[in-house]
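Starting from the known structure of chain A, arrange chain B on it as the hints suggest.
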Amino acid sequence: MGIPLPKTNADTQPYWDAAAEGRLIYQHCLTCNKSQFYPRSLCATCHGGALEWRESQGQGTVATFTEVLRAPTAAFKELAPYVIALIDLDEGFRMMVNIVEGDMERLAIGARTRTVFREVDGITLPQGALA
Amino acid sequence: MSKARITGAFDTAVGELPGSTCMGLHAEAAMGAVADAGLRLADIDGVICAYSFTEPHLMLASVFCEHLGIHPDVNFAIQAGGATAAIMLMQAAALVESGQCRHVLIVAGDNRITGMSRDGAVAALSEVGHQQFERPYGISVPASYALVARRYMDEYGATLEHLAAIAVQHREHAMRHPKAQKRGDLTIADVMASRIISSPLRIFDCCLISDGGAALVVSAADAAADTRQARVDILGCGQGHTHEHISQAPSLTDFGCKQSSAIAFGRAGVAARDIDVAEIYDSFTITLLVELESIGFFERGAAGPAALDGALGLGGSLPCNTHGGLLSYGHSGAAGGMFHIIEAVHQLRGTADARQVSDAKLAFIHGDGGILSAHCSAVLGRV
Chain A
1 MGIPLPKTNA DTQPYWDAAA EGRLIYQHCL TCNKSQFYPR SLCATCHGGA
51 LEWRESQGQG TVATFTEVLR APTAAFKELA PYVIALIDLD EGFRMMVNIV
101 EGDMERLAIG ARTRTVFREV DGITLPQGAL A
Chain B
132 MSKARITGAF DTAVGELPGS TCMGLHAEAA MGAVADAGLR LADIDGVICA
182 YSFTEPHLML ASVFCEHLGI HPDVNFAIQA GGATAAIMLM QAAALVESGQ
232 CRHVLIVAGD NRITGMSRDG AVAALSEVGH QQFERPYGIS VPASYALVAR
282 RYMDEYGATL EHLAAIAVQH REHAMRHPKA QKRGDLTIAD VMASRIISSP
332 LRIFDCCLIS DGGAALVVSA ADAAADTRQA RVDILGCGQG HTHEHISQAP
382 SLTDFGCKQS SAIAFGRAGV AARDIDVAEI YDSFTITLLV ELESIGFFER
432 GAAGPAALDG ALGLGGSLPC NTHGGLLSYG HSGAAGGMFH IIEAVHQLRG
482 TADARQVSDA KLAFIHGDGG ILSAHCSAVL GRV
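So the protein sequences, as listed, match chains A and B.
Position 116 (the first sequence) corresponds to 116 in this note's numbering; numbering is contiguous.
Position 359 (the second sequence) corresponds to 490 in this note's numbering; numbering is contiguous.
So here's chain A without its partners, still in its complex pose (with noise of 0.2 Å):
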């Protein structure tokens, strides 16, 4: 059993479509200019439904991170130690990923950090970089 690979959907498609060609999309709500991460099929602010995707440059800051040792399935304690982290992106929004690049001393809350892309049994995955 590898990862769980991420199930997509309707909502969600074209952001893992986009993954695959190392682009990270995010929706945009062009009612009341909020940003939103993860992809619905509606604006979670303003319960609109005018959402556009934009392509975000991948620039963000660490708002917390964690060095997982013990890890919840047998694929993932084939990869552990790993660093979990959750990143503000520069455009607005928040999303978890694995730090997979970088000096790691320089890992700390507040942090810069780039996008990269991993591809894993067939699914490119957005990761972290440390600047």
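Don't read these hints as lab results, they were simulated from the structure.
Quantities reported herein were computed from a predicted structural model and do not represent experimental measurements.
Some clues are possibly wrong.
Simulated restraints on C-beta separations [to be verified]:
| hint | chain 1 | residue 1 | chain 2 | residue 2 | range |
| --- | --- | --- | --- | --- | --- |
| 1 | A | 77 | B | 314 | 26 to 36 Å |
| 2 | A | 55 | B | 444 | 49 to 59 Å |
| 3 | A | 123 | B | 230 | 37 to 47 Å |
| 4 | B | 292 | A | 21 | 44 to 54 Å |
| 5 | B | 325 | A | 74 | 54 to 64 Å |
| 6 | A | 42 | B | 353 | 39 to 49 Å |
| 7 | B | 210 | A | 74 | 18 to 28 Å |
Sample of chain B residues with no beta-carbon within 12 Å of chain A, all distances over it, derived [claimed, not checked]:
| hint | residue |
| --- | --- |
| 8 | 228 |
| 9 | 246 |
| 10 | 260 |
| 11 | 314 |
| 12 | 323 |
| 13 | 333 |
| 14 | 397 |
| 15 | 398 |
| 16 | 400 |
| 17 | 404 |
| 18 | 430 |
| 19 | 433 |
Positions of the beta carbon are idealized from the N, C-alpha and C atoms, including for glycine.
Coordinates of chain B only, in the frame set by chain A:
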């Protein structure tokens, strides 16, 4: 309106219970709680259940009533993770206060350690992570709480020693409880030298995995004359809900416990400072630290130093989790949150033996589910 009362309380043994089953634990707890109230099963007209990992079912409440051979007027299940027990209590109170039921049984149990492996439990729990946007990154429940811990330590100066003090305090409480799963000596040095699970959280920062079951009977005020125990009223309950997945939490340091407790205190007509004993969900040491400060028992950044000073001990300013909590007493799924409520009932009845908080009149109970996602609080009182 007359407040609902807790008239029956019972919990089974906890720990590794070879031969136990999910429904067997439910039945033992239910029969115990009904007997504790001095009622017969036929007096129960409402039944609320939770969920199970070892015998999962779409309709667990119906499965339970079938197992026990009872046919209540009202029967349903609630799934809100660690908030389930408190939410079951709140719904039971609503059923009897609205006149829809007289005596509601709430019951939960799971043979979570012998019925599935520790690995199995950890893997199953990791499914609370978002399927597409968290689980592919290897998220687990401890990792999610570790994300909160790191940020909380950064913003409010909480330290590893503060977290360790909370773990040690729970063990000290558990050592006074003959049924507790973990009763061996534990020091701050032991905690700080223990294996890291997901930094900064170590194994002793994490709750146990246990077999066990627990049940309560909640009765209408005018039906309580049928029962035999000292009176314990449900003075006020409240909930707060902000997210499910930690990556979606509006804040990493402020959670729905603030709202749930404010509502519960308001409905009870009391304040945090009036509480004599608190039984608050402690899935991790950081869970309790965040909740103590968000609820208002301590100022921001003050709960850790207070724990080090013994404020959460029997003689402290807020005796907390006097049974030993999920960290040292036991944690068997939804029953884990029930143990907190049952301990509060013992404290208010004056039957907590070596753990008794002297003259405890007002107790606060709280459960949180997910990653500090779903919260439910209640104030209970001896009248």
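Hint by hint, here is what the structure shows:
no.: 1; hint: A:77 / B:314: 26 to 36 Å; verdict: holds, 31 Å
no.: 2; hint: A:55 / B:444: 49 to 59 Å; verdict: holds, 55 Å
no.: 3; hint: A:123 / B:230: 37 to 47 Å; verdict: violated, 54 Å
no.: 4; hint: B:292 / A:21: 44 to 54 Å; verdict: holds, 48 Å
no.: 5; hint: B:325 / A:74: 54 to 64 Å; verdict: violated, 23 Å
no.: 6; hint: A:42 / B:353: 39 to 49 Å; verdict: holds, 46 Å
no.: 7; hint: B:210 / A:74: 18 to 28 Å; verdict: holds, 27 Å
no.: 8; hint: 228; verdict: holds, 33 Å
no.: 9; hint: 246; verdict: holds, 19 Å
no.: 10; hint: 260; verdict: violated, 8 Å
no.: 11; hint: 314; verdict: holds, 24 Å
no.: 12; hint: 323; verdict: holds, 16 Å
no.: 13; hint: 333; verdict: violated, 10 Å
no.: 14; hint: 397; verdict: holds, 28 Å
no.: 15; hint: 398; verdict: holds, 29 Å
no.: 16; hint: 400; verdict: holds, 35 Å
no.: 17; hint: 404; verdict: holds, 32 Å
no.: 18; hint: 430; verdict: holds, 22 Å
no.: 19; hint: 433; verdict: holds, 22 Å
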